[in-house]
Amino acid sequence: MLVELETIERAQAGEPDAFNEIVRAYRKRILGTIYRLIGRSEDVEDVSQEVFVRLYYSLDQLRSVEVFEPWLYRLTTNAAYDYLRKRKRGNNIRMADLSEEQVIAADAAESGRRDDEIREQTEIREFLDVLLDEVSEEDRILLTLKEVQGLSLKELSRIYEVNENALKVRLFRARKRALKAYEALKKR
Amino acid sequence: MNGNTEQELDKLFAASRDAFPELDASPNFLPEVWSKIEERRAPGWLTLIGNWSPRLALAASLAAAVLTTTSAINHQKARNMQLLESSYIDALTVSSLDEQDGSQWILAGLPR
Numbered sequence: 001m002l003v004e005l006e007t008i009e010r011a012q013a014g015e016p017d018a019f020n021e022i023v024r025a026y027r028k029r030i031l032g033t034i035y036r037l038i039g040r041s042e043d044v045e046d047v048s049q050e051v052f053v054r055l056y057y058s059l060d061q062l063r064s065v066e067v068f069e070p071w072l073y074r075l076t077t078n079a080a081y082d083y084l085r086k087r088k089r090g091n092n093i094r095m096a097d098l099s100e101e102q103v104i105a106a107d108a109a110e111s112g113r114r115d116d117e118i119r120e121q122t123e124i125r126e127f128l129d130v131l132l133d134e135v136s137e138e139d140r141i142l143l144t145l146k147e148v149q150g151l152s153l154k155e156l157s158r159i160y161e162v163n164e165n166a167l168k169v170r171l172f173r174a175r176k177r178a179l180k181a182y183e184a185l186k187k188r
Numbered sequence: 001m002n003g004n005t006e007q008e009l010d011k012l013f014a015a016s017r018d019a020f021p022e023l024d025a026s027p028n029f030l031p032e033v034w035s036k037i038e039e040r041r042a043p044g045w046l047t048l049i050g051n052w053s054p055r056l057a058l059a060a061s062l063a064a065a066v067l068t069t070t071s072a073i074n075h076q077k078a079r080n081m082q083l084l085e086s087s088y089i090d091a092l093t094v095s096s097l098d099e100q101d102g103s104q105w106i107l108a109g110l111p112r
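Heads up: the sequence lines are chains A and B, in that order.
At position 80 of the first sequence (counting the first as 1) the number is 80 in this note's numbering, and the numbers step up by one without a gap.
At position 101 of the second sequence (counting the first as 1) the number is 101 in this note's numbering, and the numbers step up by one without a gap.
Everything labelled a hint here was simulated from the structure, so no lab data went into it.
Hints may contain errors.
To be verified - Below, in silico cross-link-like pairs of lysine-lysine (DSBU-like), each with a Cα-Cα straight-line distance of 35 Å or less: (1) K11(B) x K154(A); (2) K146(A) x K36(B); (3) K176(A) x K86(A); (4) K187(A) x K176(A); (5) K86(A) x K11(B); (6) K187(A) x K11(B); (7) K88(A) x K168(A); (8) K146(A) x K186(A); (9) K88(A) x K11(B); (10) K28(A) x K36(B); (11) K176(A) x K36(B); (12) K11(B) x K28(A); (13) K11(B) x K146(A); (14) K186(A) x K11(B); (15) K176(A) x K88(A).
Stated by the list, open to error - The following residues of chain B were derived to be distant from chain A, with all beta-carbon distances above 10 Å: (16) L9; (17) A19; (18) I37; (19) R55; (20) L62; (21) V66; (22) N74.
In this text, all values refer to a predicted model and were calculated from it rather than measured experimentally.
Every residue gets a Cβ at the ideal spot worked out from N, C-alpha and C, and that includes glycine.
The following block holds chain B by itself, in its conformation from the complex (with noise of 0.2 Å):
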């Protein structure tokens, strides 16, 4: 590549400017764009759909907040069942103990 080409493509690019004649609209080209609008312009039920889909969106969230909250809710609930449900037998098997005499306690404990 040389100056020259350079300077060519810069006459080039330079001419180009005034190369361009001024173009006029047709007169239909404002209804054409209209009708090329509404071609476009999505199903009516589409519509519906696009303009409801931010409470959709927030309902869907809502929802899934309040099922992870359940969720959670029970989860605890069931965890704490367990923790009661194990205290109870530990309970239980401290009070046979007790109930037990002395010397079964001292025996079960003895190696044999």
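Here chain A stands alone, though its shape is the one from the complex (with noise of 0.2 Å):
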């Protein structure tokens, strides 16, 4: 926990201070799994705030303090989801659909720096959007926790609300879809 149980307490008692030391500790851990989940960075303050809306309109349906983060996590990732749906009905062009140029250039915008490592890293992210915009948002948001965030079954578990077997199963299927999507992907 990044805050004491006293202060979520507070916030759900309507006190915006402690509503305030809940965005301040969790802002950044939320920032870093929404650019993971939705893979731009030009998006993800927007839905961050949303998260964090999100949780100030529903601190009073949490039945236990000691559940606060899996509840986060979830808010999160439910903003994400949205997101994602919306983009996905939406006109978005990919960054991987733009020309190399296009995208260095963009990245040189977008921070001012350039080189190997940066540009290595960008084509990466690029090109783990692009598998996973191929699969389902509910695979996409499922392999990003496990795969790139890292989080483990137990943690996992708490957040979707089924046991790890489950988990297990729904990995598996989703797994086995990326993989059918990033053959198709080299195959282009």
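Got two chains here, each in a separate frame; can you build the complex from them with the hints?
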């Protein structure tokens, strides 16, 4: 826990200072998770803010402050899920669809730095984004939390509120679909 | 699908773990969260109804219970009245039969 249980209780009671403390403590973690889940830095802050807005309006539904973190993760994955669904419906241009020069130019504009390591990392992120765009949002989120974020089965089972065996089955199927998408992408 | 593809996917996932640089929130992060909270806040009258909704629900339940009880009592009263009326008519019939003489009584029961 990044905050005291008492802080969560105070936030539940409607104290703005306690809520601010929670946002300050968790914003970096949420930004990181959202970044991995949606794969696009330009929308990370907006989706992360949405997580905290949802947290504010749902704090009174939190049964026990001990389960605050899985609860917050659930809000995070739900916000990412909604964003991904909206994005899929829209006509967003993927970075990987752009030419290499455009990607480099975009990177340069974004970070002002350009070296091989950054470029390689960008390519990995973009490829992962393209790959995971080929599977469902549910598969994408589950695979990202497990394989990229590195959450354990135990942590995932607390977030998803299902037992570990059920999760293993879901993960196996999601991975199979990702493998199929990976092979198809390689053939292109 | 072969083992190579699986290994490549694993490598991609492993590489992805380090491919996401840590992001810092902008200085406006928290104020923007609050302005979004305010934007989404329901209007005053809606909040008032929301706050009063448990009490309104309780009042509605009580009113429903009172109406049901009253209706049940009225129904029971009506049934009792019906029973009373029918027993009164029965009693009248019996007494009028008692007043009639035996022959009439016997004749009334004979086939014509």
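Evaluation of the provided hints:
1. With a CA separation close to 23 Å, the supplied pair K11(B) and K154(A) stays within the 35 Å bound.
2. For the hint linking K146(A) to K36(B), the alpha-carbon distance of about 31 Å falls within 35 Å, and the restraint holds.
3. Between K176(A) and K86(A) the CA atoms are separated by roughly 25 Å; this keeps the pair inside 35 Å, and the hint holds.
4. Proximity of K187(A) to K176(A) is assessed by CA-CA distance (about 17 Å); at most 35 Å being required, the pair is judged to hold.
5. A threshold of 35 Å between alpha carbons decides the hint, and for K86(A) with K11(B) the separation of about 29 Å falls inside it, so the pair holds.
6. About 18 Å separates the Cα atoms of K187(A) and K11(B), which keeps this hinted pair within 35 Å; it holds.
7. For the hint pairing K88(A) with K168(A), the CA-to-CA distance comes to about 27 Å; that is within 35 Å, so the pair holds.
8. As the CA atoms of K146(A) and K186(A) are separated by approximately 23 Å, the hinted pair is consistent with the 35 Å bound.
9. Taking the CA atoms of K88(A) and K11(B), the gap is about 26 Å. The hint holds against a cut of 35 Å.
10. For the hint pairing K28(A) with K36(B), the CA-to-CA distance comes to about 19 Å; that is within 35 Å, so the pair holds.
11. Straight-line distance between C-alpha atoms of K176(A) and K36(B) comes to about 39 Å, which puts the hinted pair past the 35 Å bound.
12. Between the alpha carbons of K11(B) and K28(A) the distance comes to roughly 26 Å, so the proposed pair stays at or under 35 Å and holds.
13. For the hint linking K11(B) to K146(A), the alpha-carbon distance of about 14 Å falls within 35 Å, and the restraint holds.
14. For the suggested pair K186(A) and K11(B), the alpha carbons sit about 15 Å apart, so the restraint of at most 35 Å is met.
15. The suggested pairing of K176(A) with K88(A) holds, with an alpha-carbon distance near 21 Å, which does not exceed 35 Å.
16. The Cβ of L9(B) sits about 5 Å from the closest Cβ of chain A, inside the 10 Å cut-off, so the non-interface label is violated.
17. Not every Cβ of chain A is farther than 10 Å from the Cβ of A19(B); the closest lies at roughly 4 Å, contradicting the non-interface assignment.
18. With a least CB separation of 5 Å from chain A, I37(B) falls inside the 10 Å interface cut-off, contrary to its annotation.
19. Every CB of chain A lies more than 10 Å from the CB of R55(B), the least distance being 17 Å, so the non-interface label holds.
20. Every CB of chain A is more than 10 Å from the CB of L62(B) (nearest about 26 Å), matching its label as outside the interface.
21. Every Cβ of chain A is farther than 10 Å from the Cβ of V66(B); the closest lies at roughly 32 Å, confirming the non-interface assignment.
22. Distance to chain A confirms N74(B) as a non-interface residue, since its nearest Cβ pair spans about 43 Å, more than 10 Å.
Comparing the model with each earlier hint shows violations of hints 11, 16, 17 and 18; every other hint is respected.
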